[in-house]
Amino acid sequence: MALVNSAKFKIGDLPKILKHGFRNNLMTHRFKKETMALSVAEYLPSLNIAFEKLHKYKNTNINSFLNKEVITPNNNRTQFHDHVSEAQPIDFHIRDGAVIQGFNAKIKHAFKVHDLYSSVSTMQKYQSFFEPNNDISDLGFLNTIMPLAIKMSNYKRENLVLKYDVEANDLHCDTIVIDVGKNSKLDLTELIGDSGSHILNVFYILRENSSLTLNRNITNSNTYINSKVIQEPGSRFAMSCTTGDIDFSYQNIDVDSYHNCHTYIDNRNALTGDRINNFVVNINHLGRESFSNIDSKTIVDDNSINYFKGNIFIDKEAENINAHMLNKNLQISKKAKVYTEPTLDILNKEVVCSHGCTISNIDENELYYLQTKGLDKTQSINILKDAFLK
Amino acid sequence: MLVTQEFTVKAEGKTILNDLHLDFGPGIHIIMGPNGIGKSTLAHALMGNPKYTVSGAAQLDGKDILALEPHERARAGLFVSFQNPTPIAGISNFQFVKESLIQQEKMTNSMSDITQVLNDYKDYSDVFGLPSDFHKKQLNVEASGGEKKKNEIIQMLLSKPKVSILDEPDSGLDIDSINQLSKQLKTFALENDNRTVIIITHYEKLIDSLSPDTVTILRKDKVEKGDVELAYKVFEDGFGE
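The listed protein sequences correspond, in order, to chains A and B.
Each step along the first sequence adds one to the number in my numbering, with nothing skipped, and position 83 is 83.
Each step along the second sequence adds one to the number in my numbering, with nothing skipped, and position 49 is 1049.
Note that these hints are calculated values from the structure, not bench results.
Source: prediction; values computed, not measured.
Any given hint could turn out to be false.
Within a straight-line C-alpha distance of at most 25 Å, the following computed SDA-like cross-link-like pairs (lysine to any residue) qualify [as the list claims (entries may be wrong)]:
1. A:Lys-328 x B:Ile-1091
2. B:Lys-1106 x A:Asn-382
3. B:Lys-1106 x B:Asp-1123
4. A:Lys-377 x B:Tyr-1052
5. B:Lys-1051 x A:Gln-379
6. A:Lys-390 x B:Gln-1103
7. B:Lys-1186 x B:Leu-1022
8. B:Lys-1136 x A:Glu-366
9. A:Lys-390 x B:Ser-1132
10. A:Lys-385 x B:Thr-1108
11. A:Lys-390 x B:Leu-1066
12. A:Lys-377 x B:Ala-1067
13. B:Lys-1098 x A:Gln-379
14. B:Lys-1051 x A:Ile-359
15. A:Lys-385 x B:Ala-1089
16. A:Lys-185 x A:His-259
17. A:Lys-377 x B:Lys-1137
18. A:Lys-377 x B:Leu-1066
19. B:Lys-1137 x A:Ser-240
20. A:Lys-377 x B:Ser-1132
21. B:Lys-1136 x A:Asp-266
22. B:Lys-1136 x A:Ile-362
23. B:Lys-1137 x A:Lys-337
24. A:Lys-390 x B:Pro-1087
25. A:Lys-377 x B:Leu-1022
26. B:Lys-1160 x A:Glu-366
27. A:Lys-390 x B:Glu-1012
28. A:Lys-377 x B:Gln-1103
29. B:Lys-1160 x B:Glu-1069
30. A:Lys-390 x B:Lys-1098
Partner residues aside, some chain A positions facing chain B, computed with beta carbon under 10 Å [claimed, not checked]:
31. Tyr-339
32. Leu-370
33. Gly-374
34. Asp-376
35. Lys-390
Where is the CB? At the ideal position from N, CA and C, for every residue including glycine.
Okay, chain A solo, but in the shape it has when bound (with noise of 0.2 Å):
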């Protein structure tokens, strides 16, 4: 984050750093965009919450993620076109407000892309997406004075890889836009890590009959995420998100579901060490025959912790709806802790719905099976554990 040289902070005084106006110079001198930036000037310093006080954070060791301390680096920080070696070709590298094509990557004609160096006019169309949460996630419009905005045609079919860059400890703000054309199919794969942190919100317009295939994967790394997700009717929208060797996570995802859409979110996360995993998901069912599943599995071990929330709501109009939602948890460690809460909320009876949450520990009558066809112990464990995720 390019806030000023070579900073030193926790995440959890930006507000009051933003107060002092260390924002300013970057927004209304570097970009001369003064008109947009103002309202973004105006509102980020006034955030005035003690965030972990917030009730929405209760059980997700928030502060884990406050009291971490990030390093802005001077000015010499490595270009996006320095990346030359990449395992996976990566079509677009995304950091403070930028986008920037991958080495290998292949042209995509289906895109437009919209970051800060585009014409005001154009970034204005995303504009209104600069909505405050009044929670963490404000802090997500940081480091741009506008919404970045990867917008695919309609009547297109693609598959595209992202990921949001940062240096080893600083940190990356970013408000991201995904906007997929109707009639389209998007498969997108977003890759967050670099040991670094981010605060990222974003957006994920789906437009009438499109379908974006969803797959997140979160590495090494300190991270919180809002997601927004806008499916029009007859959309399909499929979400796989797993973690590893995470520091801490966040991700809230709320979906509203328009007619006949479909939603499946699924999660995997193996905790180890002292890692914090936190996954919100709320499915708002705001139009009728619609479908939506949720399907969270965590393994927690040593010290780890995860925290699990999901809501299914269904308004009064949304009937014919077919909604499930399920949390399972496989505790291997007796000092690692689950925290689990599905709820649901419907307001009319033309529903199918259900839910559940499990935490388990290995099966002792699994163990034995597989031991004595020759598995050891261990064998047998990693077994389960794969098995527990599938």
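Put chain B on the given structure of chain A with help from the hints.
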């Protein structure tokens, strides 16, 4: 091949089997006994189920196995088929067999070995009338009782253990499947002079068709051993308890 001496098994402080002296050589052997006498307990105590406290001695091929973990007993050549095989979602029947055989060093992870074992698995599935995609199905999940039993037998046929203890392998099988089971067990036991197959069953037709070498009756205070005529006597007179 399998010998026990003063073999005593307790669970939760209660003695289930007391001072058993058993001796099973190569060939086919039947174990019978009234309900609750401890036939399944015997199988799983020998396999090393941690819920049992065992004293005495048990030897497999002259090697004491009581100090071994269950997986070490399996690797030493002991196989137990379960009366109610444990379902484990998330791993397929073939994946499991493959892992089991690799750990027992009965196959490698090479493509040629995997292909060979997969073909063998499919052949046995076919012989037992299992669905053609049975190898892909989750281990003992969404399978009938009979299908689970057949899967256990296939595991045994592929791993070729020195000593197999099969706990009521016939239950849940239809007549044709029992005929096939008998045929496979006889072939398996006879194709190698050093194989011991011990079957816990009360099914007369199966015992008849297997022509077992010995029949052992577990009773409350004693063990009776004889040839197949002993089984016929039980069918006629009952266990007499």
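Hint by hint, which ones does the structure fall short of? 11, 20, 23, 25, 27 and 31
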